[in-house]
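Asks: In case you want the letters, here they are:
There are 2 protein chains.
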Amino acid sequence: MLEKINLKKTMIDAEYKQMTRALKADLSVLQHSLKERKIPVIVLFDGWGAAGKGSIIADVILNLDPRNFKVMSTLDPTDEERRHPFLWRHWCRIPARGRIAIFDRSWYPEVSVERVEKGLSDMETYRRMDNINAFERQLTDDGYLIVKFFLHISQKDQKKRLERLAEDKDTAWRVTDKDWKRNKHYDKHCRAFDEMLERTNTPNAPWHIVPSHDKNCAMAEIYRVLVESIREAIAAADEAKVNPPAPPVQTRPSGYPLVKVPRLEDVRLDMAIDPVEYKDLLKKDQKRLADLHNKLYRQRIPVVAVYEGWDAAGKGGNIRRLVTGLDPRGYEVVPIASPTPDELAHHYLWRFWKALPKDGHVAIFDRSWYGRVMVERIEGFCTEAEWKRAFAEINEFERELCDWGAIVLKFWLHIDRDEQLRRFNDRENTPEKRWKITDEDWRNREKWDQYEVAVNDMLRETSTDFAPWTIVESQDKKFARIKAMEAFIDAVKARV
Amino acid sequence: MLEKINLKKTMIDAEYKQMTRALKADLSVLQHSLKERKIPVIVLFDGWGAAGKGSIIADVILNLDPRNFKVMSTLDPTDEERRHPFLWRHWCRIPARGRIAIFDRSWYPEVSVERVEKGLSDMETYRRMDNINAFERQLTDDGYLIVKFFLHISQKDQKKRLERLAEDKDTAWRVTDKDWKRNKHYDKHCRAFDEMLERTNTPNAPWHIVPSHDKNCAMAEIYRVLVESIREAIAAADEAKVNPPAPPVQTRPSGYPLVKVPRLEDVRLDMAIDPVEYKDLLKKDQKRLADLHNKLYRQRIPVVAVYEGWDAAGKGGNIRRLVTGLDPRGYEVVPIASPTPDELAHHYLWRFWKALPKDGHVAIFDRSWYGRVMVERIEGFCTEAEWKRAFAEINEFERELCDWGAIVLKFWLHIDRDEQLRRFNDRENTPEKRWKITDEDWRNREKWDQYEVAVNDMLRETSTDFAPWTIVESQDKKFARIKAMEAFIDAVKARV
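Quick mapping for you: the protein sequence lines, in order, are chains S and V. Per full-length UniProt numbering, the very first residue in the first sequence carries number 1; after that it's consecutive. Per full-length UniProt numbering, the very first residue in the second sequence carries number 1; after that it's consecutive.
If you are wondering where the hints come from, they were derived from the structure by calculation, not from laboratory data. Take the hints with a grain of salt, since some may be wrong.
[Said to hold, decoys possible] Here are some chain S residues pointing at chain V (derived, C-beta under 8 Å): (1) H32; (2) G54; (3) D170; (4) S254; (5) D274; (6) R320; (7) T324; (8) P335; (9) E432; (10) W435.
Nothing here was measured: the structure is a model prediction, and the numbers come from that model. Glycine included, each C-beta is placed from N, C-alpha and C at the ideal position.
Can you make the complete structure from the sequences, with help from the hints?
Replies: Take a look at the structure:
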């Protein structure tokens with residue numbers, strides 16, 4: 001794409017001023033419309049070194065209310081960041097609804113610069129680009145506006161700019177050996193950029209290549225695109241409010257191979273374990289797990305385990321048996337309650353991304369992102385369109401975890417309706433257990449049938465071959481604990 | 001303190017079980033009482049390497065609901081963390097009300113291990129210990145319970161433990177050269193620990209030295225102390241609810257030298273600047289500032305600037321002129337609105353600690369921690385006791401910023417009542433400005449007199465010699481912009 005760009009046009013100051021006066025005023029006003037409509041915006045600037053990102057961003061933000069935007073500088077990932085999936089640090093920084101995040105460099109150097117300079121393989125590069133496309137699509141589906149600028153200058157121009165920076169004693173420190181090297185290998189970088197621009201130029205988040213040899217030209221183009229994109233986003237949001245699109249008839253296909261899991265009504269619940277045998281197995285398994293935990297840590301393999309199940313199915317006690325004997329420095333139980341206002345103001349996957357463990361660590365989610373297709377679906381906390389596309393989003397998310405090297409385990413703790421009633425009553429009647437039971441539990445119980453439909457959909461749609469569900473028959477709690485623990489052990493053993 | 005500890009006593013398993021059975025059950029129940037009362041708890045474990053922290057923590061947390069606690073492992077500070085005040089990373093991790101944070105190592109290695117191994121000076125060590133005492137006092141004043149354990153073993157015992165770890169192939173990797181060296185220099189470390197324990201053994205957050213040569217002895221003591229401390233905290237909270245202590249008559253003295261600032265009624269507001277001169281000065285000052293910003297960055301000096309002032313005094317426009325020309329990668333405007341529920345669930349200074357810049361960067365707070373002694377005081381969002389001690393807490397906070405090397409600037413933008421009315425009316429009558437004015441602004445205006453008392457108190461009590469207030473006469477906005485900018489420039493010039 002880049003070779004076709006005209007890098008000759010210039011614009012005199014008077015023309016620039018005249019062209020952008022109205023655009024800047026529009027931008028000032030439009031930011032409040034965005035805020036009112038709670039539309040989150042990501043504006044990202046990528047491109048050649050010394051193309052003028054800093055001064056361009058400085059110019060743009062002068063038109064914005066400082067209470068409403070944040071500039072995100074992106075440096076090379078730190079060691080800590082490298083111990084997470086590559087999109088982790090970017091997910092953590094997405095803006096809340098109604099806010100603007102301006103990225104000074106973004107996730108794109110990780111599929112362009114790293115490819116040329118760190119020898120990222122083609123396969124890994126393409127995989128990352130796919131991840132980026134999914135990331136951006138998940139955001140735009142959720143109402144985010146993403147505006148991507150690539151600042152383009154020629155090799156000659158870049159060299160001249162670097163020389164100018166190097167000559168001034170106040171800016172000389174900003175020019176490093178890397179910059180000179182990049183200028184020298186301009187062609188190689190150009191090819192990497194080209195492929196990146198093509199593969200990630202999606203309809204929902206298209207690239208705007210901005211010829212930046214002349215600052216006036218560049219700024220005029222940037223203001224034009226910004227105002228136009230924001231206007232379109234506002235019009236689309238307003239239109240969707242008046243004429244909400246019909247929800248899709250079907251769930252969005254995941255694209256990943258699914259494995260078969262029994263439907264809940266076909267699960268046998270008469271399994272039990274002898275209490276003496278249980279005690280013995282528990283002890284042995286805990287010892288095995290402790291050893292394996294050590295190996296996970298040393299081999300830097302992350303584990304993400306999800307516990308879902310009926311209320312009173314025994315999630316808490318099951319998790320507790322699993323972690324006994326694990327080194328507390330190496331695992332964390334992440335309890336998931338209803339989202340806080342801050343969490344609600346972001347994409348629903350945001351809080352789960354933020355809670356991911358480092359490599360070598362274990363995170364056990366006590367409830368999880370599957371709330372989207374269960375409680376949020378049933379209680380109407382999200383729209384039909386939202387939960388229908390969530391299956392695919394979740395599969396993409398878990399695929400990224402696996403690509404990063406994680407072992408992903410998902411347990412559905414299953415009991416029947418009568419057993420739940422027995423346990424609820426037991427909790428009501430036992431003073432030390434009473435805190436465990438709330439009115440909400442009783443209300444949820446009345447919706448058992450609806451949940452059963454939702455759970456069956458979930459099990460069917462998200463049992464991918466890389467992250468299948470394990471149904472844990474929990475009528476007998478002891479049986480359930482051993483089953484979950486051994487599933488955990490087997491999964492880890494297969495990898496260390 | 002350490003040499004007096006008896007490191008001989010042992011306890012057989014049967015006795016241990018009998019002693020702790022009831023304590024463990026109590027702990028399980030008490031955690032819910034803590035949660036109900038929203039008491040936040042910090043339990044920290046420090047002490048000798050190989051004293052058994054990991055397995056002790058693993059034991060303790062088995063009695064806790066995983067939904068309610070988090071284990072915080074503390075490693076050596078990363079490069080990123082070292083670019084902040086040393087307590088920064090610890091402040092960021094304090095628990096929310098009703099939650100338990102268990103620190104595996106904490107802020108204490110930074111006044112003991114670093115002293116012995118990194119040659120931290122005595123002066124810096126004592127300063128840090130003072131900071132720690134202030135940190136812990138601020139938290140306990142706010143209702144936090146802090147329980148501090150020091151696990152103590154002898155040099156001989158430590159050596160034996162290290163040998164045992166090194167012999168087992170699964171644990172050998174955990175023993176490093178550092179550990180052997182620490183064992184060899186046990187005496188030196190012991191002296192550093194001793195002084196640390198003595199100087200930070202405060203009534204509100206006392207140390208519990210736990211002889212850890214025998215795990216049963218250690219665990220029994222830890223459970224006893226935990227249950228007792230939690231019981232006391234609950235009793236104190238319940239008592240305070242029934243018989244709230246009378247608020248202090250006076251504000252808590254800051255202990256830092258104060259400088260005199262005029263009272264608001266004595267501030268002359270007839271200063272103005274000629275518009276032509278303004279344009280000229282603005283341009284020159286912006287250029288000077290851009291140069292200085294470069295120097296700040298290279299010399300890694302952080303700047304924390306606070307903007308407070310009457311509604312419509314012109315904070316936004318003033319900040320905007322200040323940042324024009326600054327490199328957006330090196331500064332951030334931090335807008336402060338009413339706290340989110342998550343922020344309310346923490347100490348009020350927490351959100352400001354989290355928002356501190358890295359060294360070399362500039363953070364401009366549009367409103368700030370001074371809300372505590374203005375809006376929160378006047379609207380009754382905090383108690384009288386709380387705002388009366390806030391002056392001292394704020395002075396301590398800003399002192400820590402200065403000790404870290406920051407330039408702290410505080411601007412009070414002052415206008416009179418009539419001018420505010422003129423600007424409010426102007427906003428109401430100008431469509432593009434209408435978003436700037438809300439009902440709340442009108443309500444605040446009715447409380448002008450109360451605010452005037454509060455602001456005068458604030459200016460008097462928090463104009464320390466290291467972080468004095470600058471009153472910016474803002475009747476003429478142009479005058480105000482130049483005055484703030486030049487105060488900024490002067491402060492920076494004095495340092496670079």
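Asks: Could you run down the list of hints and mark each one as holding or not?
Replies: Evaluation of the provided hints:
no., hint, result
1, H32, "5 Å, holds"
2, G54, "5 Å, holds"
3, D170, "5 Å, holds"
4, S254, "31 Å, violated"
5, D274, "24 Å, violated"
6, R320, "7 Å, holds"
7, T324, "6 Å, holds"
8, P335, "4 Å, holds"
9, E432, "6 Å, holds"
10, W435, "5 Å, holds"
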